[in-house]
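Novice: Below are the chains, spelled out letter by letter.
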Amino acid sequence: MTVKLPRFTFWRGVFVFVVLAGIYASYVRFTQGLGAATNLSDQFPWGIWVGFDVLCGVMLAAGGFTLMAAVHIFNVERFKPIGRATLLTAFLGYVLVVVALMFDLGRPYRIWHPLVMWNPRSVMFEVAWCVMLYTTVLSLEFAPVVFERLRLERPMRILRAISIPLVIAGVILSTLHQSSLGSLYLIVPQKLHPFWYSPLLPVFFFISAIAVGLAMTIFESSLSAKHFRRQLELPLLQELGRILMVVLGVYLVLRVQDLYHRGALRMVLEPGYETYLFMLEMALGLVLPLGLLLNRRMRESQGGLYLAAVLVVLGFITNRLNVSITGMEAAAGVHYIPKWTEIAITASIIAIGFFIFALAARYLAIFPEERPQAELRMPAELSHVAAD
Amino acid sequence: MGKAILYDATLCIGCKACEQACSEQNHLPYNETIAAEEATSEHKFTSVLTRGENYLRRMCMHCEDPTCASVCPVGALRKTELGPVTYEESRCIGCRYCMVACPFSAPKYEWGKVLPGVRKCTMCAQRVAAGQATACAEACPTGATKFGDRDELIAEARQRLAQNPTQYVNHIFGLSEVGGTSVLMISGVPFERFGMRSNYVQEPLPLLTYRVLSRIPDLVTLGSVLLGGVWWITHRRAEVAAAEGNATKPGEKEPETEKNP
Numbered sequence: 001m002t003v004k005l006p007r008f009t010f011w012r013g014v015f016v017f018v019v020l021a022g023i024y025a026s027y028v029r030f031t032q033g034l035g036a037a038t039n040l041s042d043q044f045p046w047g048i049w050v051g052f053d054v055l056c057g058v059m060l061a062a063g064g065f066t067l068m069a070a071v072h073i074f075n076v077e078r079f080k081p082i083g084r085a086t087l088l089t090a091f092l093g094y095v096l097v098v099v100a101l102m103f104d105l106g107r108p109y110r111i112w113h114p115l116v117m118w119n120p121r122s123v124m125f126e127v128a129w130c131v132m133l134y135t136t137v138l139s140l141e142f143a144p145v146v147f148e149r150l151r152l153e154r155p156m157r158i159l160r161a162i163s164i165p166l167v168i169a170g171v172i173l174s175t176l177h178q179s180s181l182g183s184l185y186l187i188v189p190q191k192l193h194p195f196w197y198s199p200l201l202p203v204f205f206f207i208s209a210i211a212v213g214l215a216m217t218i219f220e221s222s223l224s225a226k227h228f229r230r231q232l233e234l235p236l237l238q239e240l241g242r243i244l245m246v247v248l249g250v251y252l253v254l255r256v257q258d259l260y261h262r263g264a265l266r267m268v269l270e271p272g273y274e275t276y277l278f279m280l281e282m283a284l285g286l287v288l289p290l291g292l293l294l295n296r297r298m299r300e301s302q303g304g305l306y307l308a309a310v311l312v313v314l315g316f317i318t319n320r321l322n323v324s325i326t327g328m329e330a331a332a333g334v335h336y337i338p339k340w341t342e343i344a345i346t347a348s349i350i351a352i353g354f355f356i357f358a359l360a361a362r363y364l365a366i367f368p369e370e371r372p373q374a375e376l377r378m379p380a381e382l383s384h385v386a387a388d
Numbered sequence: 389m390g391k392a393i394l395y396d397a398t399l400c401i402g403c404k405a406c407e408q409a410c411s412e413q414n415h416l417p418y419n420e421t422i423a424a425e426e427a428t429s430e431h432k433f434t435s436v437l438t439r440g441e442n443y444l445r446r447m448c449m450h451c452e453d454p455t456c457a458s459v460c461p462v463g464a465l466r467k468t469e470l471g472p473v474t475y476e477e478s479r480c481i482g483c484r485y486c487m488v489a490c491p492f493s494a495p496k497y498e499w500g501k502v503l504p505g506v507r508k509c510t511m512c513a514q515r516v517a518a519g520q521a522t523a524c525a526e527a528c529p530t531g532a533t534k535f536g537d538r539d540e541l542i543a544e545a546r547q548r549l550a551q552n553p554t555q556y557v558n559h560i561f562g563l564s565e566v567g568g569t570s571v572l573m574i575s576g577v578p579f580e581r582f583g584m585r586s587n588y589v590q591e592p593l594p595l596l597t598y599r600v601l602s603r604i605p606d607l608v609t610l611g612s613v614l615l616g617g618v619w620w621i622t623h624r625r626a627e628v629a630a631a632e633g634n635a636t637k638p639g640e641k642e643p644e645t646e647k648n649p
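From first to last, the protein sequence lines are chains A and B.
All residue numbers for the first sequence refer to the working numbering, where the first residue is 1 and numbers rise by one.
All residue numbers for the second sequence refer to the working numbering, where the first residue is 389 and numbers rise by one.
Incorrect hints may appear among the rest.
Coverage of chain B stretches by chain A, computed from C-beta distances (three or more under 8 Å per stretch; other residues unrestricted) [what the hints assert, rightly or not]: (1) 432–441; (2) 501–508; (3) 587–595; (4) 602–610; (5) 614–625.
Lysine-lysine pairs mimicking DSSO-like chemistry, simulated, CA-CA at most 30 Å apart [claimed, not checked]: (6) K534/B <-> K339/A; (7) K467/B <-> K339/A; (8) K534/B <-> K501/B; (9) K191/A <-> K467/B; (10) K339/A <-> K191/A; (11) K467/B <-> K534/B.
Listing some non-contacts, in silico: residues in chain A with all C-beta distances to chain B over 12 Å [said to hold, decoys possible]: (12) F8; (13) L223; (14) L359.
The set of hints was computed from the structure by calculation and includes no laboratory data.
Computed from a predicted structure; not experimentally measured.
We treat Cβ as the ideally placed atom computed from N, Cα and C, and that holds for glycine.
With these hints in hand, go ahead and build the complete structure from the sequences.
Specialist: Here you go:
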């Protein structure tokens with residue numbers, strides 16, 4: 001029997017290159033320490049591993065709770081077909097956030113310490129508990145998809161019995177966690193630039209997580225159309241687009257009001273590094289997508305919705321990086337540019353995320369049309385339990 | 389009674405005896421190169437800054453309500469009753485939130501180590517607990533760094549400012565900055581000349597996050613009831629339909645109440 005090698009394609013080449021670079025960077029990180037592997041310093045202790053991997057990673061996983069709430073709490077069954085894909089993204093997202101944390105923490109083997117050493121006054125303590133509990137909830141919510149494949153009926157019944165409390169716990173933990181990543185920065189009123197420091201930071205982080213959750217759902221549906229030839233029906237995407245438009249509108253008004261009341265709005269006229277990146281964030285995340293979505297023809301077309309979703313995702317990635325990096329630089333007195341090793345590790349984590357998603361999409365029933373093959377089919381009663 | 393350090397910059401002659409004593413106390417290397425470094429770091433817990441003929445000592449300010457202790461997820465940093473803010477290395481997970489959050493950027497990190505920890509001045513907590521003065525105060529030849537009870541040192545600082553109003557900037561740094569600190573500083577030149585911020589928040593920073601965190605228990609209970617209620621209402625119609633024996637629309641799955649087909 002001959003072993004068939006996978007066909008070599010451009011993206012597979014990129015994947016192998018990125019992962020090899022990541023492996024070398026990990027070696028540097030764990031044998032020589034954070035100083036050798038990063039451009040972090042006493043002046044600038046948090047870089048892209050926190051700003052991108054953790055803040056953006058959690059934000060991009062927000063589709064999971066947004067959709068679970070819509071389908072199971074508000075009973076909007078129309079969205080059920082994409083439930084599993086967003087749940088998988090959320091679960092993978094959180095697992096990868098934990099992986100990234102293992103690189104960023106100075107003493108990763110003590111990651112369990114917040115379980116037994118409590119400090120309820122710390123936002124980081126809350127973040128630690130939320131990540132842990134919500135990852136558990138996500139794995140339980142996603143487990144039926146795996147149990148279904150393995151025909152495990154007993155655990156399936158147990159999960160079915162607790163499914164609604166589980167969904168409610170998931171929505172509450174997400175709400176707490178998404179907002180608490182913003183609360184992390186409430187403690188630095190004198191270090192974070194006025195464009196981004198606001199007492200409303202937790203509220204902004206929460207609302208934008210919902211917007212990004214919706215945008216990611218549209219984006220993923222289009223991606224799966226391209227690679228797996230499966231996607232949502234257009235009317236569903238259009239409905240997501242309309243909700244996205246409203247959420248973005250609410251965020252924009254609240255954000256501008258906040259800037260105005262804190263007297264930071266006039267700073268938009270002062271040219272400078274922070275101003276340009278603030279403008280970029282507002283343009284990508286709010287002005288351009290809102291412009292697109294307000295146009296009826298764009299809002300109802302596949303391409304228009306896809307473009308708006310990509311813009312929202314890019315805009316709010318810019319926002320999280322602005323809060324964690326751009327806005328902190330002036331007070332730190334240094335410019336932070338990530339070292340190649342930092343980028344290599346972040347890129348490999350993303351690449352591995354895509355890889356696992358592709359594997360799961362192939363071997364599990366993630367997309368609606370793709371029910372398990374006949375011999376693996378669950379009894380009809382049980383397949384309902386699966387968190388679709 | 390809380391202990392404190394009073395640093396009077398007008399008495400400081402920049403001899404750096406405090407730096408040397410601090411290094412010995414904490415078993416840190418000290419030589420001319422390190423003496424010339426004008427910043428605190430993992431290997432230098434206090435630093436005497438020089439601007440012309442003026443000096444200013446920098447170190448951990450040992451806040452009355454320390455930001456670092458409030459943000460640490462595992463309680464590795466603590467305010468002791470006597471005043472020093474101490475660090476317990478064996479708890480630390482290395483998240484570096486203390487470094488981000490500290491208004492004075494006092495905690496420093498061992499970036500070169502594979503298993504690093506946070507380093508900073510601990511106000512000689514062990515000596516203070518044993519009733520001794522800090523090593524820096526004991527080493528100071530001019531009395532610029534003085535150790536004692538915080539209340540008494542505040543009174544003394546006020547007295548010095550009142551007696552020589554022309555010699556001092558009329559400000560006791562640490563009296564009310566971020567809610568007060570256990571290191572108090574008075575100076576003949578503005579603190580901003582040494583790169584210090586001029587507008588420190590006057591309330592303890594932990595209040596900013598506590599206001600949000602303290603609402604979590606309410607939010608969790610309220611949210612659970614609200615979401616549970618919404619679920620009950622939105623699924624009621626389907627339950628009624630099932631009870632009346634109506635078939636559900638094709639493609640629409642019956643939730644929890646469905647009987648075996």
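Novice: If a hint holds in the structure, say so; if it does not, say that too.
Specialist: Here is how each hint holds up against the structure:
no.	hint	in the structure
1	432–441	violated (count 0)
2	501–508	holds (count 5)
3	587–595	holds (count 5)
4	602–610	holds (count 3)
5	614–625	holds (count 6)
6	K534/B <-> K339/A	44 Å, violated
7	K467/B <-> K339/A	36 Å, violated
8	K534/B <-> K501/B	34 Å, violated
9	K191/A <-> K467/B	23 Å, holds
10	K339/A <-> K191/A	23 Å, holds
11	K467/B <-> K534/B	20 Å, holds
12	F8	37 Å, holds
13	L223	24 Å, holds
14	L359	27 Å, holds
The structure fails to meet hints 1, 6, 7, 8 from the earlier list, while all remaining hints are met.
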